[in-house]
Amino acid sequence: MSICFTRAGLQTSVQDCGRPGLMHYGIPPGGAADPLAMTLANLILGNVTNNPVIEITLTGPRIEFACDISIAITGARFKVTLNGNAVNNFETIQIQRGDTLDFAQLISGARAYIGFSGKMVVPELLGSVSTHLISHFGGHRYGAIKAGDTIDFCNIRTAKTVRLAPQFHLHYTPHPQFRVVSGPDKLLFDNDTVEQFYHTTYTVSAQSNRMGIRLHPPSTSSPPARNERVFEQMVSSGLYPGSIQIPPDTEPIIAFVEGQTIGGYPRIAHVIKADRHRLGQLKAHDKISFHPVGLAQATRILREKYQRLSELQQSLATDSKVSLML
Amino acid sequence: MANGDCALDICFASPPSEDLSRCIIGIRQSIQKRDFPGLVDLIPAYQCLTITFDPLTCDRRLLTQQLIELAQGVIESPPRLSRKPRTISIPVCYEEVFAPDMHTVSEYTKLSREEIIALHTHPPYLVHMLGFSPGFLYLGGLDPQLHCPRKHTPRLRISAGAVGIGGSQTGVYPQATPGGWQIIGQTPISLFHPASDTPCIAEPLDIVKFHPVDITQFEAIRQSYPRAKYREKR
Numbered sequence: 001m002s003i004c005f006t007r008a009g010l011q012t013s014v015q016d017c018g019r020p021g022l023m024h025y026g027i028p029p030g031g032a033a034d035p036l037a038m039t040l041a042n043l044i045l046g047n048v049t050n051n052p053v054i055e056i057t058l059t060g061p062r063i064e065f066a067c068d069i070s071i072a073i074t075g076a077r078f079k080v081t082l083n084g085n086a087v088n089n090f091e092t093i094q095i096q097r098g099d100t101l102d103f104a105q106l107i108s109g110a111r112a113y114i115g116f117s118g119k120m121v122v123p124e125l126l127g128s129v130s131t132h133l134i135s136h137f138g139g140h141r142y143g144a145i146k147a148g149d150t151i152d153f154c155n156i157r158t159a160k161t162v163r164l165a166p167q168f169h170l171h172y173t174p175h176p177q178f179r180v181v182s183g184p185d186k187l188l189f190d191n192d193t194v195e196q197f198y199h200t201t202y203t204v205s206a207q208s209n210r211m212g213i214r215l216h217p218p219s220t221s222s223p224p225a226r227n228e229r230v231f232e233q234m235v236s237s238g239l240y241p242g243s244i245q246i247p248p249d250t251e252p253i254i255a256f257v258e259g260q261t262i263g264g265y266p267r268i269a270h271v272i273k274a275d276r277h278r279l280g281q282l283k284a285h286d287k288i289s290f291h292p293v294g295l296a297q298a299t300r301i302l303r304e305k306y307q308r309l310s311e312l313q314q315s316l317a318t319d320s321k322v323s324l325m326l
Numbered sequence: 001m002a003n004g005d006c007a008l009d010i011c012f013a014s015p016p017s018e019d020l021s022r023c024i025i026g027i028r029q030s031i032q033k034r035d036f037p038g039l040v041d042l043i044p045a046y047q048c049l050t051i052t053f054d055p056l057t058c059d060r061r062l063l064t065q066q067l068i069e070l071a072q073g074v075i076e077s078p079p080r081l082s083r084k085p086r087t088i089s090i091p092v093c094y095e096e097v098f099a100p101d102m103h104t105v106s107e108y109t110k111l112s113r114e115e116i117i118a119l120h121t122h123p124p125y126l127v128h129m130l131g132f133s134p135g136f137l138y139l140g141g142l143d144p145q146l147h148c149p150r151k152h153t154p155r156l157r158i159s160a161g162a163v164g165i166g167g168s169q170t171g172v173y174p175q176a177t178p179g180g181w182q183i184i185g186q187t188p189i190s191l192f193h194p195a196s197d198t199p200c201i202a203e204p205l206d207i208v209k210f211h212p213v214d215i216t217q218f219e220a221i222r223q224s225y226p227r228a229k230y231r232e233k234r
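Residue numbers (full-length UniProt numbering), protein chains in the order written: chain A, 1 to 326; chain B, 1 to 234.
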């Protein structure tokens with residue numbers, strides 16, 4: 001009852017919803033970089049939304065199955081084949097013992113998720129099986145999956161075939177805009193710097209990872225004069241995923257799922273929770289920009305997103321409605 | 001003060017001190033006791049307590065009002081802290097192989113290696129908070145003679161257990177991470193044990209003391225240390 005990774009891919013790891021509530025130990029929440037895509041994989045299979053998944057980054061694995069199991073692939077679009085035949089995202093894929101699933105070319109997004117109709121046998125640490133890739137703990141042997149690794153499964157069942165209606169598919173563009181609210185240190189920046197921040201299209205740096213997403217301003221823009229006052233007034237304080245810090249070189253860093261819990265650079269803005277899952281689909285050279293919203297609006301957008309998700313969950317739980325999804 | 005759409009910061013104007021850290025930890029303790037629904041994380045820092053919450057189950061305005069009242073109550077009559085601070089002794093080997101920046105610190109401070117070790121192992125350090133990376137302790141109390149600027153370019157990778165000085169702070173890197181502090185030694189013990197219910201060796205307001213060990217003792221402690229494997233990349 002296991003699967004074997006005959007090719008590992010660039011950074012393939014076991015993830016779930018992570019470890020919230022431990023930031024006072026310096027432990028960031030971690031978990032799936034795109035939790036919405038992970039949730040959809042589990043909803044398609046009729047799983048609890050925190051059932052562990054495999055997160056795939058930029059280059060995918062080749063997996064041989066030594067068991068019959070149902071899977072669903074969500075998030076980034078890759079060319080994926082099962083025994084040489086193309087398979088799609090956002091639908092149940094029935095796997096038989098001996099099948100080979102192969103991730104080829106990436107088409108859009110950065111991270112794909114494979115959900116399973118069974119439970120991975122991976123030890124839980126601090127209430128989660130998610131791999132903390134930066135600090136090397138949790139997950140499958142504390143790190144990314146390597147070629148030849150095998151993961152066992154238990155409680156395998158066959159999930160009924162579901163194909164998610166197109167309106168619930170997630171799409172990713174290489175030019176995304178993120179909605180943000182003002183950061184707690186916004187007043188330390190002069191108005192011009194804040195204006196420039198909202199009018200700049202930044203390029204995602206190849207130095208980005210699950211700890212932080214680094215951004216470059218366009219080479220044509222002149223960097224704003226460094227405001228010494230900003231740095232003198234800063235004392236390290238709490239950061240969490242979505243916080244955007246501006247270090248002295250003026251290249252913004254967005255704290256991400258495995259980001260530091262305390263930071264000392266001024267925080268100009270914060271990606272709203274409703275848009276945070278899309279940070280997980282950014283890759284090097286994507287062009288991103290920021291759009292300011294108010295706090296009340298941020299909560300309203302989040303509420304709407306959860307409302308849609310809960311409608312989807314209800315429709316998947318009712319047989320008559322599931323047929324509408326097919 | 002709002003910190004993004006999922007957190008509030010309670011900030012203080014007074015400079016970092018033991019009293020302020022006690023106050024911040026007291027507020028954190030009182031919040032934990034009240035069990036506000038929807039709260040996720042409480043992150044104490046030098047002058048600030050960050051409270052993260054789920055905006056769908058927590059009303060921001062109500063929470064802000066309740067937290068201001070609670071914080072004022074704590075400031076006026078500080079609660080007794082629920083646990084006694086512990087003193088944790090951390091062995092450090094300051095020998096050359098583990099101290100790539102000892103000569104830089106020596107040149108900057110005009111102190112000999114022996115004087116640096118004596119000054120570094122002398123004071124009891126106060127744990128103000130944990131953060132940056134899992135199990136990293138922010139320590140206060142470094143002798144002013146040892147204050148030393150951070151490296152211009154941070155190292156991309158420093159060893160797990162590395163003991164460094166950055167400005168007026170000193171501390172131990174629990175994991176092999178990038179870092180900009182001047183490295184003057186290394187501890188053979190692990191500061192972070194994810195398999196344990198208490199994953200970090202210290203909590204805020206605990207006291208840390210460093211004591212020097214030679215390479216033989218360093219190896220012996222490392223060999224006998226049960227969870228040392230967590231410090232290593234596989």
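Hints are supplied without guarantee of correctness; some may be wrong.
To be verified - Facing chain B, from chain A, some residues (calculated, C-beta under 8 Å):
1. Phe5
2. Pro20
3. Leu126
4. Val181
5. Ser219
6. Ser236
7. Gly238
8. Ser243
9. Gln260
10. Ile262
11. Ile272
12. Pro292
13. Leu295
14. Ala298
None of these hints come from the bench; they were simulated from the model.
Please read all numbers here as calculations on a predicted model, not as lab measurements.
Glycine included, each C-beta is placed from N, C-alpha and C at the ideal position.
Verification of the supplied hints:
Checking A:Phe5 against chain B: minimum C-beta separation of about 15 Å lies over 8 Å; hint violated. Evaluation of the A:Pro20 hint against chain B yields a held restraint, the C-beta minimum of about 5 Å falling below 8 Å. Among the interface hints, the one on A:Leu126 holds; its C-beta lies about 6 Å from the nearest C-beta in chain B, closer than the 8 Å criterion. A distance limit of 8 Å between C-beta atoms decides the matter here; for A:Val181 the minimum to chain B is near 5 Å, and the interface restraint holds.
Hint on A:Ser219 is violated. Least Cβ distance to chain B is approximately 22 Å, over the 8 Å limit. Nearest Cβ of chain B to the Cβ of A:Ser236: about 6 Å, under the 8 Å cut. The hint holds. At its closest, the beta carbon of A:Gly238 sits 3 Å from a beta carbon of chain B; the interface hint therefore holds under the 8 Å criterion. Proximity of A:Ser243 to chain B holds as hinted, the smallest CB-CB distance being about 6 Å (cut-off 8 Å).
Annotation: interface hint on A:Gln260 holds; nearest CB of chain B at approximately 5 Å, less than 8 Å. Among the interface hints, the one on A:Ile262 holds; its C-beta lies about 3 Å from the nearest C-beta in chain B, closer than the 8 Å criterion. A least Cβ separation of about 5 Å between A:Ile272 and chain B falls short of the 8 Å threshold, and the interface hint therefore holds. Annotation: A:Pro292 was flagged as interfacial toward chain B, and the flag is violated, the nearest CB pair being 12 Å apart, outside 8 Å.
Hint status for A:Leu295 relative to chain B: holds, with the closest Cβ pair at about 6 Å, below 8 Å. Satisfaction of the interface hint for A:Ala298 is found here, the shortest Cβ-Cβ separation to chain B being roughly 4 Å, below the 8 Å cut-off.
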